[in-house]
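Chains A and B, in that order, are what the protein sequence lines are. Going by my numbering, the first sequence opens with residue 404, and the numbers climb by one from there. Going by my numbering, the second sequence opens with residue 3, and the numbers climb by one from there.
By construction, these hints were calculated from the structure, which means they are not laboratory data. Note that the Cβ used here is the ideal one computed from N, Cα and C, for glycine as well. Watch out, some of these pointers could steer you wrong.
As the list claims (entries may be wrong) - Partner residues are not named here, just some residues of chain B that face chain A (Cβ under 8 Å, in silico): (1) C12; (2) G13; (3) A15; (4) Y17; (5) L19; (6) A22; (7) I41; (8) T45; (9) C46; (10) G57.
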Amino acid sequence: MINGATYIRRELLIRLVRAFDDGVLREEIDQIPIRLRPKDSDASRCCIYHDRAVLKYRLMALLGISAEEETDEAKTLSEYLDEIIGGEPREISEDSEFERKTAPLSVCAPACSGCPDARVVSTSNCRGCFARPCVYSCPKNAITVTNGRSQIDSSKCVKCGKCISACPYNAIVKTTVPCEEACPVGAIRKNERGVAEIDFSKCIFCGKCFMSCPFGAVMERSQIVSVLSAMKRGEKLVAMVAPAADRQFPGTVEQLLAACAKAGFSDVIEVALGAEKTTEHETAEFLERMEQDSKTFMTTSCCPAYVNLVGKHLPELIDKVSLTPSPMVYTHEMVREADPGAKTVFIGPCVAKRSEARRKGIDFVLSFEELGAILAGRKIDVLACEPHPIERPAAATARNFARSCGVTEAVLAEATAKLPGFQLAAKQINGIDRKTCAMLKLYASGKLPANFLEVMACPGGCVNGPCSLS
Amino acid sequence: MEKIKVEICCGTACYLLGAAKLMNIEEELPENLKDKVDIQARTCLGLCERDHLGGAPYVKFNDTEIMGNASVEKVLARLNQLVEGAEQS
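Generate the whole structure from the sequences, applying the supplied hints.
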C-alpha cells in the first residue's frame, strides 16, 4: 500500500533515473531537495529546510551511503556521486564495524521523530464515569480518578491493556514506538539522544522497521546508481527476477522479463529456475536427514532474514537449517556457468537478500521499486511488452516459492515423486515476529511436532516483502 | 447524453506512485454513474514528464481535462460534478 514515505522514495528514484539517463544527474542532484521543496511551498515537517535536509539523506541512501557513515556534513551529493560512478568498489575492511558498514538498512537521525516511549494514557475522551471499569480492570492499581478524569500512574502500569478494552468511551490509548514495536528481535532502540538506532549485532534485516516507520526514517542502502553506471559502461548485466515478481507489475512474468531486457539488461532469467534446483537438493537433503534420524526435523533456508535470525539469536537451530543454497544462489551459478564474465543483478522484494547477496558473491541487488523506477524512467510499460522468449517456463511449484506454503508444496511434490506415499509432517512459520520467535525456540527444543518447517519472515511470503509493490 | 471518457494512466511511473489503486475504480462506481462513464486503462499518457512527476498518478477526462494526484475519491467526486453539470445544461 502506498503512503507518503513510499511515494517520496519512489518519486526520488524515478527522478534519479531520468536525470542519470539525461546525463544531468551530476549537475542536478544537489538541486533536487530545493526543487522538491521550493520556498513558500508546504512543508511536511517543521519547515522546508528540515524537509530539504532529510531529502539530501534520502538521496544519499539511494546512492548507497547511509546517514550514519557521513563524516563531512558539507560533502555534496555530487561528490558522493563521483565516488560511486568512479567505478572503484569501495574497500571495506573486515573489522568489528563491518556489519554496520555493509548493512542494507540505516536510520537517518534527522528524519527520526524520536517518538515518545510506549505507554498507556487516558485521553480527554474520559467522562469520569461512575462505574469506572478501568479502575476495576487494572491488575496493578495504577488508575485513579481525580477531578473527573482517570489518570494512569506510569510507574505502576505494566501496559497490559485491560483498561483499554474495558473503557466504553475508547478514552484510554496505548502510544507506541512503531519501529520498536515492529522489530521481532529488539534490534532497534532509541539511544540516549532519543533517536532510533539499529544494533547491527542483533538486526536480521527483515525490513519490518523500514516498513513501519511513519517518518520514513529507516532507509535502505540502494545500489541503483552502481547498476545504472555499470549498464552505461556496457558491462554485461543479467537480471535475475525473483518468483515474487508475479503480479507485482501489470502483465505476466514473461512480459516483465521482456521489460527488463528492454531496460538494458544483457540477459534475463527467472530465479524460479534456481528454485527448481533448491527443491531438488533440499528434498534430497531432507530425505537423507530423515534416514539418519527419523525423529529430527529440518527447516528451510531460502529466507535470508530467517537465516540471519538463527545465526544471531537461535544458535540451537543452526544444525536444523537446510544447507541447500537458495534459489538466488543457484540462479547466480547458472548465469556464471553460461558466461563467466557476466555480472548478476538479483531483483526482488527483500531487504535481507542484500546481506545474503554480499556473502554469496551476487554482484548487485535491486528491489522491485528500483526496477520499477528504471522502467518508469525509461518509459517502459510492462503491459505494452511482447512476452520475452524463454526456453521453458519454470515449474509452477518453483514459481510458487515466494508464497507461504510454496516451498513446502514443492518439497512434498518432489518427495512423493521419489517415494510414493511419503508423509511430510510440515509446519509453517508464516511471518517472523516476537511470538513466532518464541515458537521457533519450542521447535528447537523438540516440543512441537513436525519434521519439516518452512520459515518465511514476511506474512504470506516474499510476495509481501518490504520492497514489494502490491 | 454522451458518456464521460475517463483515461487512467497505468504507465509504470503512475503505477508506482499509486495508480494501482485506481485500476479497480470500475467496481466502485455508484449506481448513478455506472452507465454514464467509460473508463479506460491507458499506457503512459506522457503527463508525468510535463509536470516533472509532482502529480502522478494522472487521470484524463474527455481528452482535455487532466487530474493530478488522482485518487478513487477525487475521481468519483469529479465525475459526479461532470454528470450534474451535463444534466443541468
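Structure-based check of all given hints:
no., hint, in the structure
1, C12, "6 Å, holds"
2, G13, "6 Å, holds"
3, A15, "4 Å, holds"
4, Y17, "7 Å, holds"
5, L19, "6 Å, holds"
6, A22, "7 Å, holds"
7, I41, "15 Å, violated"
8, T45, "4 Å, holds"
9, C46, "6 Å, holds"
10, G57, "10 Å, violated"
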